[in-house]
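Protein chains in written order, with the working numbering: chain S, 1 to 587; chain V, 1 to 367.
Don't read these hints as lab results, they were simulated from the structure. Everything numeric in this text was worked out from a predicted model, so none of it was measured. Among these hints, one or two may not hold up.
If you anchor each label on the Cβ, the simulated ranges turn out as follows [unchecked claim]:
hint: 1; chain 1: V; residue 1: Gly177; chain 2: S; residue 2: Gly234; range: 20 to 26 Å
hint: 2; chain 1: V; residue 1: Glu346; chain 2: S; residue 2: Arg431; range: 48 to 54 Å
hint: 3; chain 1: S; residue 1: Ile171; chain 2: V; residue 2: Tyr132; range: 37 to 43 Å
For glycine and all other residues, C-beta sits at the position ideal for the given N, C-alpha and C.
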Amino acid sequence: MSAPAPNTTGSTRAAPTPNLPKRRVIGTGALTWVDERLGLGGLAKKQLRKVFPDHWSFMLGEIALWSFVILLLTGVFLSLWFKPSMAEVEYLGSYAELRGLHMSEAYASTLDLSFDVRGGLLMRQMHHWSANLFLASMTIHMLRVFFTGAFRKPREMNWLIGLALLQLGIIEGFAGYSLPDDLLSGTGLRIAEGLMRSVPVVGSYVSFFIFGGEFPGDVIIPRLYTVHVLLIPGLLLGLITAHMLLLVYHKHTQWPGPGRTNNNVVGFPLMPVYMAKAGGYFFIVFGVTALMGALLQINPIWMYGPYNPSQVTAGSQPDWYMGWLEGGLRLMLPWETEIWGYTISWNVMLPGLALMGLLFTVLAAYPFIERWITGDDREHHLLDRPRNQPTRTAFGIAGVTAYGLLWIAGGNDIIAAQFGLSVHTLAVVLRFAVVIGPILAFVVARRWALSLQRHDRELLLHGYETGVIVRSPEGSYSEIHAPIDPNRAYSLTTHERREPLQLASPVDANGVAAPGQAKERVRARLFRFWYADDVPKPTPEEIEAAAHHASHDGGNGHHVGIETSGMVGGEDFASHSSSEGTSAVKR
Amino acid sequence: MTSHGPDGHLPQRSAVTDGDTTGQDLSLLPDRPAEPVSDPGIPPHEPRPTDVDPVLERRAERQVAMLFASAALLALAFCVAYFTIDESDIFLGYGALNLALGLTLGFALLFIGVGAIQWARKLMADHELVEYRHGAASTAADRAESIAAFQAGAEESGFGRRTLVRNSLLGSLAVLGLPAVVLLRDLGPLPGDAFARTVWKKGVRVVKDVSGEPIRPEELSVGGQINAAPASFFETEGPDGTVIPAEYEGHQLQIEKTKAPVILVRMAPDDITPGPGREDWGIDGILCYSKICTHVGCPISLWEQQTHQLLCPCHQSTFDLADSGRVLFGPAARPMPQLPLDVDEEGYLIAADGFNEPVGPSYWERG
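Based on the sequences and whatever the hints tell you, model everything.
Structure (structure tokens):
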């Protein structure tokens, strides 16, 4: 295994340098020892110099990964002192305000961790902050994957694994949040119990079986503890491993650019560059989390007091990732149905249980819906710029808008108090906004993306605006346009030229109606909805013609006349494109 | 947004791919215009300043080493802080120990991370490499071989042929699911009518929820509000001075506390519109309602005396306590249950009866 043979080709790879002074090759002995026992040479020769592409957005998932590692480390520390028990004890620790009070052992031991174990508060705060970071970075990483189309073949299964990770992360976060058994988390559990009861037919049984009897009972904290430290972390660990193995197997997606094609990956090798960068990044995430733990107070449970079902604090808020569900609960209309003596609580069930199911069902189905519409069975390793997928982008923005509005609704009491508004008026406004906002966002995002496509096209055909205005001898003014950099021009034209969907003939050769026509017509309609408005990228002839036209028009490089000729950029461009006979150029 | 060109360039029925069911592969479509800009290839490698200037290279080396050395010092400082700072010390309003530990640890980690990345950026080789992809699928030969192996195995097992063996195995595995489900039966008792029961019944005193003191109607002025609980939550003093322990303690007390808390409010009697059959449920304008929200069970205590409204702090359901606890706004579907009041011979408020409906959030069997 000495000097692993490079599996990479490429002009940039330097030839071996035989002129170096003879030195012992690093680690040969140890690596040979390992290889003689584990036989990892075959694997290592491929993976040690594996190439990863560089882009800032690729580190979002990395933050999630490192946050998970930090959660494991700090969590193990906390578990050495935390007592997951609801047995009633008298607090005798050093926090004077609560001394002598009766409380659960869970709450008392969390107080001990905060006040009597040195570094315990730091670890608690780091654990809580990294949980918030874990979910935030997973969410944003998911949005990155969605908007760039990185979920397409062959990565659909990794997308589904990612969704499972996000859902497990939410449950894991809620379970951990509930463990200290303070007033705030107890209120959260009380609300969760209300949601369980709303399950039709078996709701009361679900509640009784989970809480070991009537809420709050005396087993929920130990049960949640097992879920929080064993069951879900185990699942997360396994799924993260699968997520990473698939990432390695598929190789990372990359942004299109000069030399970056669907068939290669251009970047830096795992060893040494990405080991240093990713390893270093772990320390940075860890360090930032420690600084947050030092400087930013989070979940000061001693200020809430032990859980008492007859008390609640005004302004109670869940952790951020539950905020949108909380908002749904707040905005929901008071619908409840009674049939044959049984009650269905739509007001609780729909936002509390169905909303999360709806979001994750739509997210899980999207790659398969898009694939069905496009009928595209090829592998995609180049990322889409969101503008080149206007409808997908618009759906994403609509979803983000709905999520954001629900999230705002989750804090409507705080917002109302801060801005002196009526909490009722705010809720009514938000009820309408949650319905209208996503639709508006969809339309705006789609038009925006199409305009950006048009902008790209103009850049390619007419170059960029230099800001230099010249006056011709005849007295007309025009702005000098200069051609854009060829690398950039290439990057702007790598996306696919979307051709109209060709459907099969509705009848076969013998004039017999072919089956499945209705489904195909739906598909054609969806295809048109998704792609018909796309602005086609210019053809070589159009670029040629534009260059030709420009040199005739001004004689000064790329240069489009304005005012006198009336050939303003847009119209100019429309006249060029009309020959293609596409609808995309209508303005 | 579904509009398309008048020329109908997206034919729904086309003979182009006649005989094929769908035009699956876009790359097979005819007449694809050529790519407008040809691939200029990977831009040539630009050496970094540290690649060409030995002075800068050595400086970068020193920077990285300094970062690592500072991290080591900070890690030592962490240990010093751990042993020297008292947990009760305060520094600028922060707990001094937490601050010192967090800052030293945080910067130590940060410096290691920044040092490693600086090392990679300035000193490690920065030649871009190209690696070629291969399709995710295995080769056709491998796949054919594995399918053949699978089929051979399936054939040899007789899984398809010996249906008796197969079906009895599948049947027994299915039945084996039952023990797994049945084992969970003891997760909890059956709910029965537990959600519908509270400790309130005729004659239970309505007492203050923290001190347990009984309440006389005169103590409550118009507009006032008292959070109250049943007397059985508190220990009482017997006539001979002995202490009678509370009826409910520990977990049972916590459970009852999710249902029994009530709120007493006093309004001007003229403001009250008593519900049918509730005309005598109040005492001089004092009404008693459950404190547990009918939405998802938060205890409510935000009382607005001018409008007689009770607002839940969790999801802002608003109830009109002058009108039988009717829902005025928010996601709650049911009015707040009302507890009929009376006065005992000593002049203290008592329940005239229990609640006539379940308190708290709805559930399937609630009716």
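Does the Cβ-Cβ separation between S/Ile171 and V/Tyr132 fall within 37 to 43 Å?
Hint holds: Cβ distance 41 Å, inside 37 to 43 Å.
Taking 20 to 26 Å as the hint, is the beta-carbon distance of V/Gly177 and S/Gly234 inside that range?
With a Cβ separation near 22 Å, V/Gly177 and S/Gly234 satisfy 20 to 26 Å, so the hint holds.
CB of V/Glu346 to CB of S/Arg431, is that within 48 to 54 Å?
Since V/Glu346 and S/Arg431 have Cβ atoms about 50 Å apart, the given range 48 to 54 Å holds.
Of the numbered hints given earlier, the model fails none.
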